[in-house]
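Line by line, the protein sequences are chains A and B. Under numbering that gives the first Met the number 0, the residue at position 147 of the first sequence is numbered 146, and the numbers go up by one with no gaps. Under numbering that gives the first Met the number 0, the residue at position 29 of the second sequence is numbered 28, and the numbers go up by one with no gaps.
If you're looking for bench data, these hints aren't it; they were derived computationally from the structure. Treat the numbers as computed from the prediction; the structure is a model and nothing was measured. Possibly wrong hints are sitting among the right ones.
Unchecked claim - Pair ranges (Cβ atoms, derived):
#1 E300(B) / D299(A): 57 to 65 Å
#2 S98(A) / K307(B): 54 to 62 Å
#3 K307(B) / D220(A): 46 to 54 Å
#4 E54(A) / R53(B): 24 to 32 Å
#5 P203(A) / E360(B): 47 to 55 Å
#6 D325(B) / R192(A): 21 to 29 Å
#7 D27(B) / R329(A): 46 to 54 Å
#8 I223(A) / F372(B): 27 to 35 Å
#9 R157(B) / D335(A): 25 to 33 Å
#10 N173(B) / K368(A): 29 to 37 Å
#11 R329(A) / F372(B): 52 to 60 Å
Glycine included, C-beta positions come from ideal geometry on N, C-alpha and C.
Number of protein chains: 2
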Amino acid sequence: MSIMSKVTEPVLLLDEQKCRNNIQRMADKAKRSKIRLRPHFKTHQSRQIAEWFREAGISCITVSSLRMATYFAEQGWDDITVAFPVNTLEHERINRLASKLNINLLVADLEAALLLSQVVKYPVRLWIKVDSGSHRTGVLPEDKTTINAILEVINGSRNLSFSGFLTHAGQSYNCRSRDEIMKVHRDTSALMRELSDSYRSAYPDHEISTGDTPTCSIAEDFGIANEIRPGNFVFYDLTQALVSSCEKREIAVAVACPVVARHADRNEIILYGGGIHFSKESLDQGDGRKIFGELVWVNDEGWGEPEKECYVTKLSQEHGILRVTDEVFRRIAVGDVVAILPVHSCMTANLLAGYTTLTGERFEYFDAKKEYFI
Amino acid sequence: MSIMSKVTEPVLLLDEQKCRNNIQRMADKAKRSKIRLRPHFKTHQSRQIAEWFREAGISCITVSSLRMATYFAEQGWDDITVAFPVNTLEHERINRLASKLNINLLVADLEAALLLSQVVKYPVRLWIKVDSGSHRTGVLPEDKTTINAILEVINGSRNLSFSGFLTHAGQSYNCRSRDEIMKVHRDTSALMRELSDSYRSAYPDHEISTGDTPTCSIAEDFGIANEIRPGNFVFYDLTQALVSSCEKREIAVAVACPVVARHADRNEIILYGGGIHFSKESLDQGDGRKIFGELVWVNDEGWGEPEKECYVTKLSQEHGILRVTDEVFRRIAVGDVVAILPVHSCMTANLLAGYTTLTGERFEYFDAKKEYFI
Chain A
0 MSIMSKVTEP
10 VLLLDEQKCR
20 NNIQRMADKA
30 KRSKIRLRPH
40 FKTHQSRQIA
50 EWFREAGISC
60 ITVSSLRMAT
70 YFAEQGWDDI
80 TVAFPVNTLE
90 HERINRLASK
100 LNINLLVADL
110 EAALLLSQVV
120 KYPVRLWIKV
130 DSGSHRTGVL
140 PEDKTTINAI
150 LEVINGSRNL
160 SFSGFLTHAG
170 QSYNCRSRDE
180 IMKVHRDTSA
190 LMRELSDSYR
200 SAYPDHEIST
210 GDTPTCSIAE
220 DFGIANEIRP
230 GNFVFYDLTQ
240 ALVSSCEKRE
250 IAVAVACPVV
260 ARHADRNEII
270 LYGGGIHFSK
280 ESLDQGDGRK
290 IFGELVWVND
300 EGWGEPEKEC
310 YVTKLSQEHG
320 ILRVTDEVFR
330 RIAVGDVVAI
340 LPVHSCMTAN
350 LLAGYTTLTG
360 ERFEYFDAKK
370 EYFI
Chain B
0 MSIMSKVTEP
10 VLLLDEQKCR
20 NNIQRMADKA
30 KRSKIRLRPH
40 FKTHQSRQIA
50 EWFREAGISC
60 ITVSSLRMAT
70 YFAEQGWDDI
80 TVAFPVNTLE
90 HERINRLASK
100 LNINLLVADL
110 EAALLLSQVV
120 KYPVRLWIKV
130 DSGSHRTGVL
140 PEDKTTINAI
150 LEVINGSRNL
160 SFSGFLTHAG
170 QSYNCRSRDE
180 IMKVHRDTSA
190 LMRELSDSYR
200 SAYPDHEIST
210 GDTPTCSIAE
220 DFGIANEIRP
230 GNFVFYDLTQ
240 ALVSSCEKRE
250 IAVAVACPVV
260 ARHADRNEII
270 LYGGGIHFSK
280 ESLDQGDGRK
290 IFGELVWVND
300 EGWGEPEKEC
310 YVTKLSQEHG
320 ILRVTDEVFR
330 RIAVGDVVAI
340 LPVHSCMTAN
350 LLAGYTTLTG
360 ERFEYFDAKK
370 EYFI
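Build the full structure now, drawing on both the sequences and the hints.
Structure, rendered in structure tokens:
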């Protein structure tokens, strides 16, 4: 009996085999490239999925908040990078973590470095966040004044030590082909090499940390980088397929949604599954049409390629509108459950906050309202 | 000492006075118009805020899921409409609710009515959802064949009784002035009156339920409607201000975000507050610029109008980019906490899942993963 027959409300289905394949492929690549894989756990945020990484030989991880760091620390992860400009208002949590494990933080400007140096009471390794072209945050690599000023703060602090330069080439999300991704990768790599070279004699042990899912999925040679931090690859999603990081058949999560109404006049199926389940992230199909998901058929073995021309075209708070072909419309009835590949798996996982495997197991998701004990 | 000095992570601030004013204004209007106000609780989803409605004389409510109905039922609310095409896969929950309180469900097509008639074991009042122009879901008012077929199912069922016709004029969200909202209101009212008239002799006691926040905020005369079901008005948000339903100074929630970096070269402030806090809903400023929030200054009395030309221009998973004027850039430092009015308060409340009042009280938000006992 398929898992679909047990679903009564929107849930996030997890295909263990696809997910483990995604993890293993990236772990193998890191091994071949002799580079540390420090996967970003913000995508799955689940202690059970984290164990699959451990089985693949991973021991260092990345998270996106200090609270998330405490969650994984409680599960025994003891080398954690919080890849977000450090929020010094959480100094108690920083010190709690730093007193017990290897914690790596990052700063994107001098102000933050100064504040951190004033509150930190235990050893912390600090990365300087570099803006390699995404222009979200980070020090520009040519801004040596700021970099040197931050280094001075680090050198003057008893508890801070300099890890190196960390970047996230988020501009790779604008790519639409493997060639475009490789160009971003080459440009970022060159820029990080130049920056690293200019600090090599003064800081011979500093490291370079890079890694967004698109470049890590496509590139094989990571140049001078010491570690990569992709996250989304654990599940992938329709955005990554559009960017050319993955094939749609590799997407390891799908939202199971009850069908609550049908409109034959416009081949529209109304799903119990809306913005509070998928998030409102959409993809432009190029012709101005926005889509919020694609239909897949689920059996005991999981799902394959999405059905052609069957898209979630609109989401409100709890409703989703799935527009389908004539043939598919006839196959779906009210009371059925259908599965939809998400546009952005990180956001969808955060909203559905838990996983149902194809065998019916429930996996936990980090609870941002809970205080973890470490 | 302002509440802002206690914030260390993104939280949703709630201004009790603004919120109570919004509730009272709508309750007074319903009383003047001699119409039942059955507010939609999907916006706040909080038992404490629900009590403010009770103090304003409200006893009948609307929710968007059966599980949310059990949450408010547990708090003593005993006349609840689930304003979503009924999900018959949750028949156990339907029967649990129907055995204990007045539960009102709705169907948008014949298939759902047939399924419901097969599973319902206790009395349920059933609305026929009518599509009055939003084209999300519902029976077209001219489709008398479907309406009559649904009525036949209801009449043939021991436990179903016919409440009347329910609509949601969601097209009002496309309005940009009070005149445009009034036009939607007049068109919808005329259409519902015509539909009601044609079933008056056969079903003399049937009711008409309407009500989206824009038309309920602006209109004074609700014609033949027996009840209105606005929800968002409890908080309002930047979308409602754009639509012309409210003034920005009436928005009763704001997201408090720590400042984690600043980029002087482009007057950008990096907030700890991203898509998993605000949702990715944006507003088009008319000139192609999308915004995700506006800056307000908070003191002990709350906040006023947003600061001019200070917008959240981009969100990623945990980062927000706040672009400000030169003068405002100089006023904000790393380590400060700023407050941002949200684009869509329903989605933001769902993500932040709890409220902090200006006096530091914490209010609960419905937990969609919890099983409530009723």
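Consistency of the hints with the structure:
Taking the beta carbon of each, E300(B) and D299(A) are about 60 Å apart, inside 57 to 65 Å as hinted. For the pair S98(A) and K307(B), the supplied restraint of 54 to 62 Å is violated, since their beta-carbon distance comes to about 45 Å. Between K307(B) and D220(A) the beta carbons are some 49 Å apart, a value that agrees with the proposed interval 46 to 54 Å. As the Cβ distance of E54(A) to R53(B) is approximately 53 Å, the hint placing it in 24 to 32 Å is violated.
Here the CB-CB span from P203(A) to E360(B) is close to 54 Å, well matched to the stated 47 to 55 Å. Remark: the range hint 21 to 29 Å for D325(B) to R192(A) is contradicted by a beta-carbon distance near 36 Å. D27(B) and R329(A) have their C-beta atoms about 51 Å apart, which keeps the hinted 46 to 54 Å range intact. Our hint of 27 to 35 Å for I223(A) and F372(B) is violated, since their Cβ atoms are close to 59 Å apart.
For R157(B) and D335(A), the Cβ-Cβ distance of about 26 Å falls inside the hinted range of 25 to 33 Å, so the restraint holds. The beta-carbon spacing between N173(B) and K368(A), approximately 35 Å, falls within the hinted interval of 29 to 37 Å. For R329(A) and F372(B), the hinted distance range of 52 to 60 Å is not satisfied, since their beta carbons lie about 41 Å from each other.
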